[in-house]
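Number of protein chains: 2
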Amino acid sequence: MIAIDWGTTSFRAYRLDAQGTIVEARNAPKGILSVAPGAFPGVLEAEIGDWLGDAPVVMSGMVGSRQGWVEAPYVACPAGFEEIAGGLREVREGVWIVPGVSCRDAAGVPDVMRGEETQVLGAGRDGLLCLPGTHSKWVEVRNGRIERFSTYMTGELYAVLKTHSLLGRMMEEGRPDRRAFREGVARSGEPGGLLNHLFGVRTRALMGELDAAASASYLSGLLVGHEMRASSASRIVIIGERMLAEHYRDAAQGLGIEAELVEPTCGTRALFRLGAMLRGTHANK
Amino acid sequence: MIAIDWGTTSFRAYRLDAQGTIVEARNAPKGILSVAPGAFPGVLEAEIGDWLGDAPVVMSGMVGSRQGWVEAPYVACPAGFEEIAGGLREVREGVWIVPGVSCRDAAGVPDVMRGEETQVLGAGRDGLLCLPGTHSKWVEVRNGRIERFSTYMTGELYAVLKTHSLLGRMMEEGRPDRRAFREGVARSGEPGGLLNHLFGVRTRALMGELDAAASASYLSGLLVGHEMRASSASRIVIIGERMLAEHYRDAAQGLGIEAELVEPTCGTRALFRLGAMLRGTHANK
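In order, the protein sequences belong to chains Z and P.
Counting in our numbering, the final residue of the first sequence is number 443, and the numbers go up one at a time with none missing.
Counting in our numbering, the final residue of the second sequence is number 443, and the numbers go up one at a time with none missing.
Honestly, the hints are just simulated from the structure, not real lab data.
The reader is advised that the hints may include incorrect statements.
To be verified - With the C-beta cut set under 10 Å, the calculated list includes, among others, these residues of chain P facing chain Z:
1) D208
2) W209
3) N301
4) E314
5) L315
6) E348
7) L353
8) T361
9) R387
10) A388
11) S392
12) I394
Claimed, not checked - On the chain Z side, residues computed to face chain P include the following (Cβ under 8 Å):
13) Q225
14) M328
15) P334
16) V420
To be verified - Computed list of chain P residues with no C-beta within reach of chain Z, every gap over 10 Å:
17) P199
18) V249
19) R303
20) R333
21) R345
22) N354
23) E367
This structure is a prediction, so every number in the text was calculated from the model and none was measured.
From the three backbone atoms N, C-alpha and C, an ideal C-beta is built for every residue, glycine too.
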């Protein structure tokens, strides 16, 4: 079976054996933003044409969005393997796209994810799962089903502030400064709220209390701290690339939250299981 | 006497009579960002050379910053007319710059203002004063002295998100949408926090629940709501340009806060009084 994580900026393919173990992996900077409408089959051929054959291909991520290969409509929460398998879309023989998941919060405001649901189900953990990133997801899983989730614009806000705001003008690229990051996390719990805390990045630098290299880490700590304090969990699972996940674990420690780290390639386990469910469906046809 | 509000993007001069009433006003897009180092005296001559003579000139705003004519160091809170008069800097005979004001919050994080202190003292109100803007100031005044204040990056965050984030891509310039603005203000009090609420601007638009023209007003309401909820006041004074001040009053109403509006030209009253105090000082020389 072939499992693919096809996101906004990258294409990650995994060839799995009969037990679901990764045999071979390929990455390419062929995210959907770089693919013209109609060019998706060609990219798939070019990247893993030699893998294609009888094995089913199951793809998750933004490839299933309106800007992707074909839109696979969101499946509403609560959603586990059954519900998500029910929303799979076949885009050509043996090539399937996993749907995203949607929910509404208590106030009725909608939220969506696409790609993260595969990692969440692949992690095989109940409880509160945190997937840090441009748009961080916090996902509540019970009995193997996604009950609800919330998105935080943390990564995007960090990038936008660093590149385009007054705060960024005082920052220098440098090694992450762990102490400044932790100061930011601690600050996030003080009165004033985020809009006030952001201005403090500037005033502390202005007063010589934060140097240009530490400012970026302090800002990052502030934002991650605000994200993390929105939940009241005492224990979380973090799914993410090593460096980012460790930053989040660092922040969690500062807040007395116990955090377990899981590699995002756990998503292949969910894709493998969805592939197996497909074979079952086919047998019924 | 001549009162000048010389900020980042604009130069506003007022000729006052012996009672402090505005006799004539001139505005020019000659903020300090457009003035080369050393070119400040020339700009002053060019804009109001015909007004200059025996009358003292008192200037407030970013003209007293490191990037301005001459740096007038911050005066620490609590600061009233006496303290601010003590920090006036004469940059050439009869031409004075008003210092900014600084303070520290309970956690020791510094905050600064430059220009707003003049409007605050000119308003002549005790209580909590709100000065909305790129960097909104909330100022506590007791017995005519600024006791403490906090800055919120509301206006800058709005502009940066609208111009550079994913949220802005879905927005269209349009007339302010009062209903959407109020929905944003109400949303700011719901669980999740600002980072989560920001993503909701996107998902509500994605789901067709917020149109492109209303999105900007909803975002504005969200941010102003978060700013306003950081205080627990039941009564405030808003000093700002008419349209912005009315938006803030609208938000205040939504939160059950009583708001009185004061025109920002009240700053000339403070500059007039500082000018009068200077004459007293001169008499003592």
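Here is how each hint holds up against the structure:
Violation of the interface hint for D208 of chain P is found here, the shortest Cβ-Cβ separation to chain Z being roughly 36 Å, above the 10 Å cut-off. Interface hint status for W209 of chain P: violated, as the beta-carbon distance to the closest one in chain Z is roughly 33 Å, over 10 Å. Because the beta carbon of N301 of chain P sits about 24 Å from the nearest beta carbon in chain Z, more than 10 Å, this interface hint is broken. Checking E314 of chain P against chain Z: minimum C-beta separation of about 6 Å stays under 10 Å; hint holds.
At its closest, the beta carbon of L315 of chain P sits 7 Å from a beta carbon of chain Z; the interface hint therefore holds under the 10 Å criterion. Proximity of E348 of chain P to chain Z holds as hinted, the smallest CB-CB distance being about 5 Å (cut-off 10 Å). Evaluation of the L353 of chain P hint against chain Z yields a held restraint, the C-beta minimum of about 4 Å falling below 10 Å. A cut of 10 Å between beta carbons decides the hint on T361 of chain P: the least distance to chain Z is about 5 Å, and the hint holds.
Checking R387 of chain P against chain Z by beta carbon gives a least distance of about 7 Å; that is within 10 Å, so the hint holds. Here the hint on A388 of chain P is kept, as its CB sits about 4 Å from the closest CB of chain Z, short of 10 Å. Given the 10 Å rule on beta carbons, the hint for S392 of chain P is violated: about 18 Å separates it from the nearest Cβ of chain Z. Violation of the interface hint for I394 of chain P is found here, the shortest Cβ-Cβ separation to chain Z being roughly 16 Å, above the 10 Å cut-off.
Among the interface hints, the one on Q225 of chain Z is violated; its C-beta lies about 12 Å from the nearest C-beta in chain P, farther than the 8 Å criterion. For the restraint placing M328 of chain Z at the interface with chain P, the shortest Cβ-Cβ distance is roughly 13 Å, beyond the 8 Å limit, so the hint is violated. Taken as an interface hint, P334 of chain Z does not check out: its beta carbon lies about 20 Å from the nearest beta carbon of chain P, beyond 8 Å. Contact between V420 of chain Z and chain P, as hinted, is not supported at the beta carbon level, the nearest pair being about 23 Å apart and thus beyond 8 Å.
Every CB of chain Z is more than 10 Å from the CB of P199 of chain P (nearest about 26 Å), matching its label as outside the interface. For V249 of chain P, the non-interface assignment is confirmed: its Cβ lies about 22 Å from the closest Cβ of chain Z, beyond the 10 Å cut-off. The Cβ of R303 of chain P sits about 21 Å from the closest Cβ of chain Z, beyond the 10 Å cut-off, so the non-interface label holds. Even its closest Cβ contact with chain Z, about 24 Å, leaves R333 of chain P beyond 10 Å, as expected for a residue assigned away from the interface.
The claim that R345 of chain P lies off the interface is violated: its Cβ sits roughly 7 Å from the closest Cβ of chain Z, which falls inside the 10 Å cut-off. A cut-off of 10 Å between C-beta atoms contradicts the statement that N354 of chain P is not in contact with chain Z; the least separation is 5 Å. Distance check for E367 of chain P against chain Z: the nearest CB is about 7 Å away, which does not clear 10 Å, and the non-interface claim fails.
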